[in-house]
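Number of protein chains: 4
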Amino acid sequence: MVRVGVVGATGYTGVELLRLLLAHPEAEPAVVTSRGNAGERLDALFPNLRGQCDLVFQEPDPAALGECDVVFFATPHGVAHAMAAELLKRGTRVIDLSADFRIKDAQVWEHWYNQPHGAPELLGEAVYGLPELNRAQIPEARLVAVPGCYPTAVTLGFLPLLEQQLVDPLRLVADAKSGVSGAGRKAQVGSLLCEASENFKAYGVAGHRHLPEILQTLSLAARSVPQLTFVPHLVPMIRGILATLYATLAHVEVDLQSVYEQRYRDEPCVDVLPAGSQPETRSVRGTNLCRLAVHRPGGADTAVVVSVIDNLVKGASGQAIQNMNLMFGLPETRGLEAIAVLP
Amino acid sequence: MVRVGVVGATGYTGVELLRLLLAHPEAEPAVVTSRGNAGERLDALFPNLRGQCDLVFQEPDPAALGECDVVFFATPHGVAHAMAAELLKRGTRVIDLSADFRIKDAQVWEHWYNQPHGAPELLGEAVYGLPELNRAQIPEARLVAVPGCYPTAVTLGFLPLLEQQLVDPLRLVADAKSGVSGAGRKAQVGSLLCEASENFKAYGVAGHRHLPEILQTLSLAARSVPQLTFVPHLVPMIRGILATLYATLAHVEVDLQSVYEQRYRDEPCVDVLPAGSQPETRSVRGTNLCRLAVHRPGGADTAVVVSVIDNLVKGASGQAIQNMNLMFGLPETRGLEAIAVLP
Amino acid sequence: MVRVGVVGATGYTGVELLRLLLAHPEAEPAVVTSRGNAGERLDALFPNLRGQCDLVFQEPDPAALGECDVVFFATPHGVAHAMAAELLKRGTRVIDLSADFRIKDAQVWEHWYNQPHGAPELLGEAVYGLPELNRAQIPEARLVAVPGCYPTAVTLGFLPLLEQQLVDPLRLVADAKSGVSGAGRKAQVGSLLCEASENFKAYGVAGHRHLPEILQTLSLAARSVPQLTFVPHLVPMIRGILATLYATLAHVEVDLQSVYEQRYRDEPCVDVLPAGSQPETRSVRGTNLCRLAVHRPGGADTAVVVSVIDNLVKGASGQAIQNMNLMFGLPETRGLEAIAVLP
Amino acid sequence: MVRVGVVGATGYTGVELLRLLLAHPEAEPAVVTSRGNAGERLDALFPNLRGQCDLVFQEPDPAALGECDVVFFATPHGVAHAMAAELLKRGTRVIDLSADFRIKDAQVWEHWYNQPHGAPELLGEAVYGLPELNRAQIPEARLVAVPGCYPTAVTLGFLPLLEQQLVDPLRLVADAKSGVSGAGRKAQVGSLLCEASENFKAYGVAGHRHLPEILQTLSLAARSVPQLTFVPHLVPMIRGILATLYATLAHVEVDLQSVYEQRYRDEPCVDVLPAGSQPETRSVRGTNLCRLAVHRPGGADTAVVVSVIDNLVKGASGQAIQNMNLMFGLPETRGLEAIAVLP
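Chains as they are written, first to last, in UniProt numbering: chain D, 1 to 343; chain G, 1 to 343; chain S, 1 to 343; chain B, 1 to 343.
Treat the hints as calculated values from the structure; they're not laboratory data.
Each hint can be trusted.
Okay, derived cross-link-like pairs now, DSBU-like style, lysine-lysine, Cα gap no bigger than 30 Å in a straight line:
#1 G/Lys104 with G/Lys89
#2 D/Lys186 with S/Lys186
#3 B/Lys186 with G/Lys186
#4 D/Lys186 with D/Lys104
#5 S/Lys186 with S/Lys104
#6 D/Lys89 with D/Lys104
On a predicted model such as this, the values are computed, not experimentally measured, just so you know.
Kindly generate the complete structure, drawing on both the sequences and the hints.
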């Protein structure tokens, strides 16, 4: 049984982690912390957890957390920097769902996140926890940086094209759409039902923090620095990301369907749909799956890839557990087998 | 392993049955039938089931169904009458999610459902599958009539008051609200997103088919014939029923909280919330739970009970499986333990 | 042209007032104030108003407001108390959309709103601005208290029954449902799309501030003090209130349909639907109408009245303008004629 | 007063036409037809119109329609072909909201709409009713083809770039998103609330009927045949289209903001937002506006244009009335001045 701590368990990735961990046959959430809600029962905040556990939020305490085998950080950026180092010293492994260890270049991180990096010395060993790319390094990792939600959907969609250099890497477009839970459980006007339902808009057109993260990964895959136009949009629904990716093919005679099927043949969390399919976000809701379809409209030289994930599962907490499973020698999808609830 | 057939598996209670059965460790859906979609793969219709099974819809064939241990009917009313008799003869047990065997009096059924009853001879042995009321009869039943969605929410809410004769049975009000999935997967204008979202309305004020079903059960509980004003409403959401029940107390010194806690103390699928709580439909989404709260506003002589269920689970498919578990000697909540996905 | 000021124009009733006033042929919003957004353009906050005006929020200043013919308060409770007195002294009339002058008994107000009443001396002259009840007093009023949203829907529904003493006033039930805009534009977790959509719940069962307001008006109508069980619920939509009202008939031979049609025959903002109808909230969205239907299910002795309004229009800003029209000798529905946008 | 007929008034563009016409000070809907609902009152189908008119649906009869000054067709494609010729002979002008006269090449039309073209002889005189492009021809037109919803949003977004040849016309991408009302009021499973809410998906990736229409218009603007990758998506909301357009700049030193502001300076129905803005669909809901913003993320050579309309107004019925105003010498925005209802 893996003994687990969760720091910052009051947000949406936090409650999703706890939902998944409470149903996980080989993990046990032992410590959950929250600065603002210390002393409260978990199920007072999250009524779906009533009857599932008697956990009470406590103040984040390195000693208590240090008795866990692994600690998840579901915190705003900047929080994990200091605490991660402390926990690693105590021999506790760390899986960080925030952005703190995703960007390898501390200066780039500081530019996009507008504050000093608190643990640049750990960047070298931090493993970017995208199992479909870094499965080999994850089992031995002490510190895993779980990819962002948009980066997961966009990267898995572009990977086969860039790894095999089938497209012009300087003309990539990712038109991404996310449910409102991507903005978190923070009380802010823009996330109110009255503002976000019956409405659709783009945001962050001028630059979104997930762009450098995506580019870092795609650069490794393409062995060159791609250019990507990335435009996120807000969808009036709770969960789900759909990314529509556009790329110009370098070779038009390639069989894209086969390329994708080969690339992901052995991936338990990536499902390449049959040719002509349209993935829907609801088909992955609550699951750790990424479903993909690849098209070439009109047989022209533009590839269109559509990629869907649940932003809170494969885009955050589920992927974090997928990493935990790999780190602790468990079957990769243990605790992640639930079928999407539909409708 | 219980070998299961599902007749009429193309509606919402059908796909929900299959989602639950595919994850059930001791049941195996072996035959799924559909007149309209015979020959199609199940996952072509329901993208959440992709990767979970290779089932193909077939025409309803008593021979094939008769090789199952149990057959679920997720059909419109009238269909199960004839086929149930045939299957029972072959030794296959039947769990009917439709209204066909819920009403004990065939004439009452014919009045509300506007057609001749096709199997009045089976009404005697049919067990009304509300485990909280009829747990003793279910294990030996050959034929179980799964309660309707509204009747489940309303009956569980009123039961303690009526069994103990704490209220005036002639002044009951049930103001019930259901998500749109209660209307099924049928293509009809009133269920379109453009008609039902951003809107709220009552319907069936003049009389709803669930009224005689509720009265039949409440009569048994109250040992008298109650009068109930039942007004259902349509909520702009997919799943969930919330029933707000009003009753006039006969004795004002009773401790209602304690009455409810005692009544449901050993019920694994009923959760009485602490005094002062407000149950939310999302707290039971995808689960087989009924959560209840009881209030007496202003300390006056009106009891207000709020009851929530997921209409497709405790209100249909989950309750059907709860019955199956009892009929086949399995733990009552086997396959029904998932935690609600929230948000 | 009526010169209008709006205090607290950054909430949902504020923007709705401005939408209606900007389209009103005989009113001109001249001063809009906001403590938090002073200096900002109105259309920076509310993109629907772009191209409609060049108004800029200013600090609330009695001198500037005092040059208006009338000032609307769309503020949290407690704000209008002091400023209203000041404006009335300057000869400016006041229409208060908050609860500050609705309750005639200052002690009752203080009990429910938990603070001292700031202007008890004005309570005597304040007119409760429900034109269907107080049309005679409104034209001369200096100070109008616009009814709350629930009280408007509930009161208009019960009025005919109570005025004519057709029902037992001690057994009234109002099961009310409101869209989320009723909670205002305040950033709070409970109003987030991720919390309030795909969910339904009751709230305030133990006691809601609109209860004493409803009782005060119904007492006048019934010429006795009624007892009302009032349970509000939160509907996953933006706008709309539907109230389902239950009352026990004293005389069963009455023609309820005719009672309602007679009572509201000359009311331009109340629409009694034909017998057997089900009013829908979307049919009044954006309009100042209350649509009503009255039923007697099964011909029994319980009357069921269903009443719908747009909580931000007839439940707040539209009714405020209806009052303004009456106060300034304009046709009662001037500026309130728009047809609901459907779907 | 313009005397108006509406053929096929039972769909969403039909009811929207009627909502706008009933509020139009210089038009009068005199005849409304429907094959399926002849004999029914209009307000029985559309509860928002109750109290606005006493119109009754009648069978489509050329004689009755021929007494109108203008007849709108809000019909499925193929219906207007035959009736339009008949009405034009009688001297009645025709505004067709369907696709019947949009495509100039009958063969292209037949390819995409899979049936013979019923009135190729009228294609020569039919005017494509996009006032921002064809304002000069509309006043004298006998037959106007109102642009499709996606074509309106996409074309207005691309026009300035293509007219001035600022971008590579062979690398255009239009990622478009529409509310569900774009699919009409037809009863079909895919448009059910339970299928379309809490979900997001692309559709028609392999080819959508609006593509040839967009290309036809853009070809005229660009004076060359562009290549466009067009991917429509379904948004879980009722109304609104947002199109995100991507184009590769030929000249990077151009001031795009100024290009757009100049192009649309005198257009009453196009609003170019300030640099850095994000248009939202709710800001145009119920209005005839197209709001646009143009971006160049990271200062790179990709232009990103975001364009929003209400698909039922500027994308259909409002634009039809804008055309009618021009055809009958009325101010262009008469009857189209309502402010969007927000929230």
